[in-house]
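Position in the sequence shown (from 1) plus 319 gives the number in the numbering used here.
In short, the hints are calculated from the structure, not lab data. Computed from a predicted model, the values in this text were never measured in an experiment. Even glycine gets a Cβ: it sits at the ideal position worked out from N, Cα and C. It cannot be assumed that every hint is accurate.
[Unchecked claim] Listed next, with one range per pair, are the computed distances between beta-carbon atoms:
1) Thr385 to Glu428: 29 to 39 Å
2) Glu428 to Ser338: 12 to 22 Å
3) Lys423 to Gly343: 15 to 25 Å
4) Trp341 to Lys386: 17 to 27 Å
5) Gly382 to Gly352: 25 to 35 Å
6) Lys386 to Pro340: 14 to 24 Å
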Amino acid sequence: MSRDIVNSICATLPGAEVSDPWGGGHDAWKVGGKMFASIGAVTPGVAVKTDSVETAAMLIEMGAGTKAPYFHASWVLLDWGMEPGELRGRILQSYRLVRANLPKKRQAELPEAPEN
């Protein structure tokens, strides 16, 4: 996995936009103005949202990720060594979680979400 692979996955998601809100070379991917993935300037991976603190803890315990620095406890940092299919699934899950929590009006304004 690399920054380019993560960015190419995120760029395919309907309504996804990238910015560098903190400066210094970060890639923060958002849908409806809410972040679902972030690549730090020097962080060795991508931070994604999970559905709960418990899920994040389980992924960390399994070795699938580590605590994402500077993020809420429900976020995990996925290492660059993750298999591309699993990476895409984790990013897509984060995207869906964030999108589902947007106001209904904002959700309706977005292009249709992908099935998988």
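inquiry  = Tell me the hint numbers this structure goes against, listed in increasing order.
reply    = Hint check: 3 fails alone, others pass.
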